[in-house]
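> With the first letter of the sequence shown counted as 1, position 177 gets the number 176 in numbering that gives the first Met the number 0; the numbers rise by one all the way through.
Treat each hint with caution, since some may be false.
[Stated by the list, open to error] List time: in silico PhoX-like cross-link candidates among lysine-lysine, alpha-carbon distance up to 20 Å: (1) LYS96 / LYS234; (2) LYS175 / LYS155; (3) LYS155 / LYS199; (4) LYS144 / LYS35; (5) LYS206 / LYS144; (6) LYS144 / LYS161; (7) LYS163 / LYS174; (8) LYS287 / LYS276; (9) LYS161 / LYS234; (10) LYS163 / LYS206; (11) LYS174 / LYS35; (12) LYS174 / LYS161; (13) LYS199 / LYS234.
[To be verified] Ranges between beta-carbon positions, derived for each pair: (14) LEU265 / ASN185: 19 to 29 Å; (15) TYR39 / ALA88: 37 to 47 Å; (16) LEU184 / ALA229: 26 to 36 Å; (17) ILE189 / ASN165: 31 to 41 Å.
These are computed hints drawn from the structure, not numbers from a lab.
Beta carbons are placed, not taken as given, at the ideal position from N, Cα and C, and that holds for glycine.
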Amino acid sequence: MGKLKKITSRLFKTGSKSKIGNGLYASLEELMDVRKFAGYLQTSRKIKSFSTQVGDIKSAFKGRGIEMEEIREYAFGDDVRDIDWRVTARKEKPYTKIYLQERDREIYVWLDLSPLMLFGSSRELKAVTAAKVAALLGWVSLNNKDRFGCVIFDGKQSWMFKAKNNRAYLAAILKKTAEISRTALNNTEISDEEKRRSVKWLQANAKGRASVFLISSFNGWGSEFDRDIAALARKSRLFLVNVFDRLEERAPVAGQYMAEYNGQKLLLDSANKTYRKEYAAYFAQKHKQRAEFCRHFGCRLIDFSPEMSFIGGLKIF
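Use the sequences and the hints to build the structure in full.
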């Protein structure tokens, strides 16, 4: 049978660990500490703005303004909603409207801390990484003077925070995130009904010019959820932050592994070439489907794993 290896015995043994975290849940100290990376996700180029609630830093989350600046020929990547059909008909080629970028904007995060995120083969669980990404977006929003709101889903219930630009308010969100991250370790329930309700809450509360980030592994998201996401994409600028573990992308080192779920045990042999090929193909196919969905509905897919760095690894531009 060969040497039997258990995945659990290898958990958290590779990669560099955080000085203030254990990898099982996101502590408040960790969520506060990610603020040091906020400068890498924003730019200091100043822009002209007429809003009374503006900052001096250009937001990292680009969106449409309300004042038109010019009309020019359509270029690849332009939002089709901005096409000027009158000019297009007259010129017989597509033209698009360009708007002044607006500063007074909302940033919303939907954070998945459900049981499907409680997996990790290196330095931390996916749920911990997801919480850090959400916290980082909160800090960037605060620095840019954008209003930040959040929905935290633990599998069976949701906590919803409307968008505000307030440091104490962000600290309260991070504190609640840390609390839920710890208690979620004991949760085994997943309510699809509650998940859909929380996503629909975003549809109802995020304004048309808002940037919305769904942070999840997107495992178990079926056609009903895709319809909800598509509706959200039509209303806002949508980002899907796909948090994945390297062990989901490719099979573990050749050997035999014991897996257990709901009391049932299964012995896996990762040395089998066919098994390794099918293992990788399954992840690639799922990723391709999600990427095609994003291209179709005009939202953006961002892949991020616990092994990646916030400096250069999390590209939101």
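> Work down the list of hints and note, for each, if the structure agrees.
Hints versus structure:
1. LYS96 / LYS234: 18 Å, holds
2. LYS175 / LYS155: It holds: about 16 Å lies between the C-alpha atoms, which stays within 20 Å.
3. LYS155 / LYS199: OK: LYS155 and LYS199 at ~16 Å, within 20 Å.
4. LYS144 / LYS35: 17 Å, holds
5. LYS206 / LYS144: Distance of about 16 Å is within 20 Å: holds.
6. LYS144 / LYS161: 15 Å, holds
7. LYS163 / LYS174: Satisfied, since the Cα-Cα distance of roughly 16 Å is no more than 20 Å.
8. LYS287 / LYS276: 16 Å, holds
9. LYS161 / LYS234: 17 Å, holds
10. LYS163 / LYS206: Judged against 20 Å, a Cα distance of about 13 Å means the pair holds.
11. LYS174 / LYS35: 18 Å, holds
12. LYS174 / LYS161: 16 Å, holds
13. LYS199 / LYS234: The given pair, whose Cα atoms are some 12 Å apart, holds under the 20 Å limit.
14. LEU265 / ASN185: 19 to 29 Å: 24 Å, holds
15. TYR39 / ALA88: 37 to 47 Å: 44 Å, holds
16. LEU184 / ALA229: 26 to 36 Å: 32 Å, holds
17. ILE189 / ASN165: 31 to 41 Å: Since the Cβ atoms of ILE189 and ASN165 sit about 32 Å apart, the hinted range of 31 to 41 Å holds.
The structure fails none of the hints (numbered hints given earlier).
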